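2 protein chains.
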Amino acid sequence: MKLTYKGKTKDVYALEDGNYLLKFKDDVTGENGVFDPGANTVGLTIEGVGRAGLRLTKHFFEILQEKEIPTHYVDANIEEATMTVKPATVFGKGLEVICRFRAVGSFLRRYGMYAEEGQPLDAFVEVTLKDDDRQDPPITEDALDMLGILTKEEYAVLKELTQKIANTVKEELAKKEIELYDIKFEFGRLADGQIVLIDEISGGNMRAYKQGEYIEPLKLEQMMLEN
Amino acid sequence: MKLTYKGKTKDVYALEDGNYLLKFKDDVTGENGVFDPGANTVGLTIEGVGRAGLRLTKHFFEILQEKEIPTHYVDANIEEATMTVKPATVFGKGLEVICRFRAVGSFLRRYGMYAEEGQPLDAFVEVTLKDDDRQDPPITEDALDMLGILTKEEYAVLKELTQKIANTVKEELAKKEIELYDIKFEFGRLADGQIVLIDEISGGNMRAYKQGEYIEPLKLEQMMLEN
Chain A
1 MKLTYKGKTK DVYALEDGNY LLKFKDDVTG ENGVFDPGAN TVGLTIEGVG RAGLRLTKHF
61 FEILQEKEIP THYVDANIEE ATMTVKPATV FGKGLEVICR FRAVGSFLRR YGMYAEEGQP
121 LDAFVEVTLK DDDRQDPPIT EDALDMLGIL TKEEYAVLKE LTQKIANTVK EELAKKEIEL
181 YDIKFEFGRL ADGQIVLIDE ISGGNMRAYK QGEYIEPLKL EQMMLEN
Chain B
228 MKLTYKGKTK DVYALEDGNY LLKFKDDVTG ENGVFDPGAN TVGLTIEGVG RAGLRLTKHF
288 FEILQEKEIP THYVDANIEE ATMTVKPATV FGKGLEVICR FRAVGSFLRR YGMYAEEGQP
348 LDAFVEVTLK DDDRQDPPIT EDALDMLGIL TKEEYAVLKE LTQKIANTVK EELAKKEIEL
408 YDIKFEFGRL ADGQIVLIDE ISGGNMRAYK QGEYIEPLKL EQMMLEN
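So the protein lines, in turn, are chains A and B.
Note that the numbering used here has the first sequence beginning at 1, numbered continuously upward.
Note that the numbering used here has the second sequence beginning at 228, numbered continuously upward.
Treat the hints as calculated values from the structure; they're not laboratory data.
Just to be clear, a hint being listed does not mean it is correct.
[As the list claims (entries may be wrong)] Short derived list, chain B residues pointing at chain A, Cβ under 10 Å: (1) 319; (2) 340; (3) 348; (4) 366; (5) 368; (6) 379; (7) 384; (8) 386.
[What the hints assert, rightly or not] Keeping only pairs whose Cα atoms sit at most 20 Å apart, straight-line, the calculated PhoX-like set for lysine-lysine is: (9) 386(B) - 320(B); (10) 379(B) - 152(A); (11) 320(B) - 152(A).
Quantities reported herein were computed from a predicted structural model and do not represent experimental measurements.
From the three backbone atoms N, C-alpha and C, an ideal C-beta is built for every residue, glycine too.
Looking at chain A on its own, in the form it has when it is part of the complex (with noise of 0.2 Å):
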């Protein structure tokens, strides 16, 4: 078993069989020591975040398999805090999908002009680069064509994807009475061009509110494991 990639969040180890283990960390995404699920640097380390953010990330893989919707999953083992998957490659360096229920974050930070704080949004799917340099460019379907980073028809399954992905997730919440406001994503491409869901599914990827509060990530996590 070879170390791959030291992430900010988990690293990568190469299995002998053709397939990666993910090992999830206690380090979270924020700046100055506050969660930010939208940050580029890890601000803080909680203890047992990382078994959480693989139990929920399991959950909704698993929940994506019966619904047949491609992923990279394989199996997890929480007690390992570890998780398998297939081999995928990630479009260009990287990229992140966001699906937006509401307008807040960097939606709000670049559109304010145009919506308010918390105003509903229809799924609305939007692609920035990972670029720390750049602090993560927003950048358009035909910008991705023209850089060679997605095709036109690798973008409209991606976007289909993500809005499936991101409506499963939010009714499997609403379930529990709390609402995504929005969910970032990464996708990659298997070894046959499919595209797929990769990464993770955890309360660090998605902003969630109970009664107009907010939920950190592993409060979330408890809270949808819960019977």
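With chain A held as given, fit chain B onto it using these hints.
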């Protein structure tokens, strides 16, 4: 004749027949006394720049008229530095539509991970909101539609017109062995809903180079209009 708007580089007067009069001023956008067509502030005043801008605008708008590409242009009076235009309303609170033939400026600042400086781009179109407080954020077709600024059908018209007009300007510059790197336009709707080019087409709207050397707006206007 009533002053209805004081802009950075021109003032707008309402005429009695329903048309408007644009008065071109000698101010150009830039920062710290350096001209920058992408800047939001008026950086310097250059004697005669208003009249020169109008002369080039008149030149291009009349070429577009011959090609039956719709604009708000009625006529121009060089002596008075004024242009008469049809009434048009902007999209939302105003958009800038950029057409790029080479990767420079904000395109490179955003997508430098995937593009090299000066790399050819195939009449790439992007839209930004006119919003000084938010540094003119880029916006996608989906967001324009969702925020009620522009329908998808109008976006298609806008994009096609942008590429047609930018290619027209590019061809005109090429006759003087000048290369167009990028150009920005504003569009509006006439009373009947038709989408037309508004504002101006002058040196201040574009980046033009001759043998790899940037040409200042005033110089560009001289080079384009000399026989």
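How the hints compare with the structure:
Below 10 Å, beta-carbon pairs count as interface contacts, and residue 319(B) has one with chain A at about 6 Å; its hint therefore holds. With a least beta-carbon distance of about 5 Å to chain A, the hint placing residue 340(B) at the interface is held under the 10 Å criterion. For the restraint placing residue 348(B) at the interface with chain A, the shortest Cβ-Cβ distance is roughly 7 Å, inside the 10 Å limit, so the hint holds. At about 7 Å, the closest approach between the beta carbon of residue 366(B) and any beta carbon in chain A falls short of 10 Å, and the interface hint on this residue holds.
Restraint check, residue 368(B) versus chain A: the minimum CB separation of about 7 Å is within 10 Å; hint holds. At about 12 Å, the closest approach between the beta carbon of residue 379(B) and any beta carbon in chain A exceeds 10 Å, and the interface hint on this residue is violated. Interface restraint check: residue 384(B) against chain A, minimum CB-CB distance 16 Å, threshold 10 Å, status violated. Look at residue 386(B): its Cβ gets to within about 8 Å of chain A, closer than 10 Å, so that hint holds up.
Of the supplied pair hints, the one linking residue 386(B) and residue 320(B) holds, its CA atoms being roughly 19 Å apart against a limit of 20 Å. Between residue 379(B) and residue 152(A) the alpha-carbon distance is near 16 Å, which keeps this suggested pair within the 20 Å criterion. A threshold of 20 Å between alpha carbons decides the hint, and for residue 320(B) with residue 152(A) the separation of about 30 Å lies outside it, so the pair is violated.
Hints 6, 7, 11 from the earlier list are contradicted by this structure; the remaining hints agree with it.
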